[in-house]
Every structure is written in C-alpha cells, then in structure tokens.
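Listed below are the residues making up each chain.
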Amino acid sequence: MATGSSAPARLAAALLAVLAGSAAADGQSPANGAWQNMRSHLYGTRDISESGDELMSIEAPGSTPDPSATPVTVHFGGALAGQVKRVRLIIDNNPSPLAATIELKPGLPLEALDLRVRIDRFTSVRAIAETTDGRLEMRSTWVNASGGCSAPPGAAQGGTLGEVRFRPSADEHSLLVSIRHPNNSGFQIDPKSGDPIPPHFIARVRLLAAGTVLMDAETGISLSENPTLRILSRERLPSPLTLEATDIPSQQLFTAVWTAPASAGTR
Amino acid sequence: MDRAGVRGHPLGVLRVLGAALLALAGAGAASAAGPAPAALEVREIARGVFVHQGRPLPLDAPGHQDIANIGFIVGARCVAVIDTGGSVSVGRLLHAAVRAHTSLPVCYVIDTHVHVDHVLGNFAFAADAPQFAGHERLGAALARSREFFLATYAADLEPPAAAAQIVAPQLTVPTGTDVEVDLGGRRLRLHAWPPAHTDCDLTVLDEATHTLWTGDLVFVGRTPALDGSLRGWLAALDALGRTAGVHHVVPGHGAPGDDLAGAIAPEREYLASLLTQVRAQIAAGHTEQEALRQMQFPRRDRWLLWDEVHPRNVSRAYRELEWE
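First to last, the protein sequences are chains E and A.
In this text, residue positions in the first sequence follow this note's numbering: the first is 5, and each later residue adds one.
In this text, residue positions in the second sequence follow this note's numbering: the first is 82, and each later residue adds one.
Worth flagging that the hints you see were computed from the coordinates, not collected in a lab.
All C-beta atoms, glycine included, are put in the ideal place defined by N, C-alpha and C.
Please note: incorrect hints may appear among the correct ones.
[Unchecked claim] List of simulated lysine to any residue pairs, SDA-like, C-alpha gap at most 20 angstroms:
1. Lys89(E) x Ser67(E)
2. Lys196(E) x Gln358(A)
3. Lys196(E) x Pro255(A)
4. Lys196(E) x Ala289(A)
5. Lys196(E) x Thr253(A)
6. Lys196(E) x Met376(A)
7. Lys196(E) x Ala245(A)
8. Lys196(E) x Pro186(A)
9. Lys196(E) x Leu231(A)
[To be verified] DEER-style ranges, computed between Cβ atoms:
10. Asn41(E) x Ala210(A): 40 to 46 angstroms
11. Arg381(A) x Thr164(E): 45 to 51 angstroms
12. Thr136(E) x Ala365(A): 43 to 49 angstroms
13. Arg268(A) x Ala207(E): 53 to 59 angstroms
14. Ser354(A) x Glu239(E): 45 to 51 angstroms
15. Gly163(E) x Ala245(A): 32 to 38 angstroms
16. Gly257(A) x Arg90(E): 23 to 29 angstroms
17. Ala207(E) x Ala365(A): 54 to 60 angstroms
18. Gly326(A) x Gly198(E): 51 to 57 angstroms
19. Tyr47(E) x Pro255(A): 43 to 49 angstroms
20. Thr164(E) x Arg180(A): 33 to 39 angstroms
21. Thr250(E) x Pro255(A): 37 to 43 angstroms
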C-alpha cells in the first residue's frame, strides 16, 4: 500500500501547483498556449461552439486511477450523431498534444467514442468535432495526473504483438476493440537497463465494413499501452468489420476481423 | 508502489488543497518533521514478537509515513526487523523501540514488498549492517521505483535525499520457495509469492510462536490496493489460508489478531467480487468507467479509503483481465 504525499514543504508546493493549475484549467486563458497555437493552426479563426452537454460531452476521471491509461469518452447527442465527420482529441499538456484525429464515414450514427490515453501532467483534455456542414463543437475536461507518458511498461505488457480482441455489446450497437501493443511513447526508461525505450506506437487505426472505411484514426504516443477503442452507434454495427492497425517505426500492419456472433453469415 | 506510484495521485484537487492548507497551518508539526517521541510504540503480541500498528490514515494525510504495520522479532542471538515504515525517521523510531527491548544486534531487515510505507525506513538500520532480505524481485522493483521515491518522497528520506538511502535486499528468496533465517534458537521462514498484491510479496512465519506476518497480502479494514495480479492475489490468499497452526496474524494494515481465516475472509470476498464483476463488464464490452459505475459492492462501508483505492483497483483489474 502507499501512494500520496505530504510533509509541509511538499504540500505547500502542491498548493502552488494546484493554484497554477486552476488558472490553466480555463481553456481561454493565455497560459494555455498549446491549445491556442493548435487552434489557429487547425481551425484558424472559425467559430467553435462550447455549449450544450446534450449535443456533445467529454468524460474522463478528474483524478485518474492511472495516468498512463486514462479512459476518455466523447459522447454525441442525437442531434450530432451522424453529423460528425472528424473528431480530434487534444491533451493540451502532453508532449504530443494531438492524441488522435479520427475521420468518420459520413452518416455513421456514432453516439460515443472511447479511447485510453496517457496523461503527462495536469491538463485539459478536449475533443473537437467537425460536422459535415462545417460546424465545430468542442468540449473539454480537466484531468489531474502526472507521469503517464514516462511510466514504465506495465505488468500487463507482453503477449502477442498486435493481437486483437473484439467485445460487442449484446445488442451489437457497440464494439470494444483491444490491441496488444506496448505503444511506447519514447519518454519511457527501461527500469532494468536505465536506457531510454525507443518510441514504438500505433500510428493509424482503421475500421472497414464491406470495403468502406467507417473510421480512420491517426493516433500516436498519447495512446496507452495495450490501446483500446470503443465505438457506440445508434444502430447495429455492420458485420463483418475489419480492423487495421499500423505501427511506427516498424510499419507493421495488424489486421483482425470481427463477425457479429448473433448474425454470422446473415448480413 | 512502483508503477502505482507513478500513476499515484488518487487525490482530488480539493483534497490536495485541503491537506496543503492543513500543513501550512502547522498541522504538519505532528508528522515526522515535528517533535518526536523517543521510540515507536510497540506491543509484544507473542513472546519476542513486537508489532507497531500503523495508523488508519489517508495516503495524503500528515503522518502518512506511519500507516503500515512494522515491528521486530527477538531471538537468542539477534533481532529481525520486519518492515521499517514510510520514512527514515519512522525507521529510527523503530530502531529506538528495538533498543528499548533488547541490546542484541539487528541481523536481518526483512522487507515484505516494495511499497514506500514499508521500506523507506530501511536506511535507519544501515549502520547496523544487517542482511537486508526480500523477494527475488524486490531489487528490480526498488530500482523501478527509485526515481519516483526520490521525486515524491524525498522529504521522508534524510536530507540530502539520495538513491543510496533506498536499500535493496542482499538475501533474496526465489519465487514460490522458502528461505529460513536463524535468530538463535528461533527460525523465521520467509516465503516469496508469485505476483499478488505486488510482484514481490514476502511473508514471514515465526516458528517459535506460530506468528504469520502477511505483509500487504492481507489488509484488515483498509481497502486492499491491487498493484500486482488480481488472480495471483486470490490464489495467494487461498494458499496462505491453508497455512497450518497459525496462532497470531500480523496483517500489513489493520489490527493484528489470532484468526487467520477471519483476517483473510473480507479481503477475499472483495477481491473475488472484483474479479467476477470486472470480468463480466469486459465481456459485455463495457469501458472501465462504465464498469466502475455499474458494479455493486454492498459491503463497501466496511473498508477505509474506498473512494481513493477502489477505482484504481478497478483500473488494474480491468487491464489484467482484458487479456485473459
């Protein structure tokens, strides 16, 4: 058992960090340089709406149990499901803030998207959705965490590189995809040798149905070890679905096919 | 703690803030930094077996250095210390407690696992030149944690905090085996477990009094913290529960007692329920956060620090079980 900290000096420092952190928590504050730079680079001066939880929301544990594997969920309300063509997930204070750029097949009625990410230090985590008619919606949340990018490989490391597990919900509206991969960030140290572990991560994930791309995600070092992706649709997911994941720098392609158990061969 | 430490911070901003304000207000004076008693309070629970019961404090509270059960066993020739507390100063108070009861030398310092609250006092015994003993994987676990300990727990070492104060074992016990050490007419049997609470759990059985020190394989009253393997921990508890003829049990946290099965049962029930429920949540394609919301633990009220520890356990269990 153990965790946590104290002793007056350390707590005083923590207090200062907290106060500084709450200033930076304001997405509009000038302290938040990473996002401001990315905003102008990615979206120029276009309006970005930030209101309405029914339309869109983002969820992550404010005090994450594990900075190296923090679950993030982006929800799309009924008015937005099917209208989103691109989602970007940005972790402001990560060394590589753009965690994922996800292109969706027009009309795919996506209600939620889940990823598991590394959080390097106290940060805003934001999702920006771009609709087929060119509107931008952004929601953000604050996560207290540190060390997620440099955390040593976990106990769950190993297994067969690129092994994929599919777990559908009973109604086949959602599919949880787990990929066996260290997704080394390049900021980790081998605890035995003390040497840096070179980056080795999944750079692209695609989901295809009947030759059509449903989802095409550019990812990177902010994904956790053994990354997971879940999609939740308003409708039953098409089957079979093919997953393709490509890593860097080895450019290995991992593929796997999910066939809906209830309806195998009938669609 | 190793990796769990890196992920650390199960504390909300408000709680950090509150703790910081308390510390600034001077409440920290009660901690190891303040005026200290001459020796740690210990209780002789069996002949020659002295236990200091750690305090049931949150992980971020002043006094967090003294939350684990630590103590020593006195033989005819020398003394074995079992766990040394969460700071060098707690280690020194334990050292003073040893000296208050015997003038025999300290020949072994046994670490039950890698977590800070059990090992940071090791350095207080370095001058006695005992054999430091632990699981064969303890050394690697300490190496993995070194940077984190220095970054986060520097105040619990002696200034200037240095890696040399994080003492690794010289006598190591291979996984799944026993090593006996002799204190002079008194043998202790050290057993190294496969991954369970951590990946380097060690238990100590004092043959003279049939006292079993479980380390953090057994938490009494405090929410068990998973940092090794959930399946391994359940298997270890089953094996530990079959230890014959135990008269006294010293858990890693909570009150020592004389009923091994009774000490294990609540923890086993929680861990078994965690295993069953997380497994079912994964099979249904639910995310970790959905699992955390949907699972039911009717007995949660009996556990201290549930809100701090349980979500982390779910996270650990989820990632262990998704690759079954």
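For each hint, the structure was consulted:
1. Lys89(E) x Ser67(E): 31 angstroms, violated
2. Lys196(E) x Gln358(A): 35 angstroms, violated
3. Lys196(E) x Pro255(A): 18 angstroms, holds
4. Lys196(E) x Ala289(A): 39 angstroms, violated
5. Lys196(E) x Thr253(A): 17 angstroms, holds
6. Lys196(E) x Met376(A): Measuring from Cα to Cα gives roughly 37 angstroms; hence the hint is violated.
7. Lys196(E) x Ala245(A): 17 angstroms, holds
8. Lys196(E) x Pro186(A): 34 angstroms, violated
9. Lys196(E) x Leu231(A): 17 angstroms, holds
10. Asn41(E) x Ala210(A): 40 to 46 angstroms: 57 angstroms, violated
11. Arg381(A) x Thr164(E): 45 to 51 angstroms: Violated - the Cβ-Cβ distance for Arg381(A) and Thr164(E), about 37 angstroms, lies outside 45 to 51 angstroms.
12. Thr136(E) x Ala365(A): 43 to 49 angstroms: 32 angstroms, violated
13. Arg268(A) x Ala207(E): 53 to 59 angstroms: About 57 angstroms separates the Cβ atoms of Arg268(A) and Ala207(E), which means 53 to 59 angstroms holds.
14. Ser354(A) x Glu239(E): 45 to 51 angstroms: With a Cβ separation near 35 angstroms, Ser354(A) and Glu239(E) fall outside 45 to 51 angstroms, so the hint is violated.
15. Gly163(E) x Ala245(A): 32 to 38 angstroms: Distance hint for Gly163(E), Ala245(A) holds at roughly 37 angstroms.
16. Gly257(A) x Arg90(E): 23 to 29 angstroms: Because 53 angstroms falls outside the window, the suggested range is violated.
17. Ala207(E) x Ala365(A): 54 to 60 angstroms: 30 angstroms, violated
18. Gly326(A) x Gly198(E): 51 to 57 angstroms: Given a distance of about 45 angstroms, which is not inside 51 to 57 angstroms, the answer is violated.
19. Tyr47(E) x Pro255(A): 43 to 49 angstroms: Since Tyr47(E) and Pro255(A) have Cβ atoms about 58 angstroms apart, the given range 43 to 49 angstroms is violated.
20. Thr164(E) x Arg180(A): 33 to 39 angstroms: Distance hint for Thr164(E), Arg180(A) is violated at roughly 55 angstroms.
21. Thr250(E) x Pro255(A): 37 to 43 angstroms: 42 angstroms, holds
The structure does not agree with the numbered hints 1, 2, 4, 6, 8, 10, 11, 12, 14, 16, 17, 18, 19 and 20 stated previously, though it agrees with the rest.
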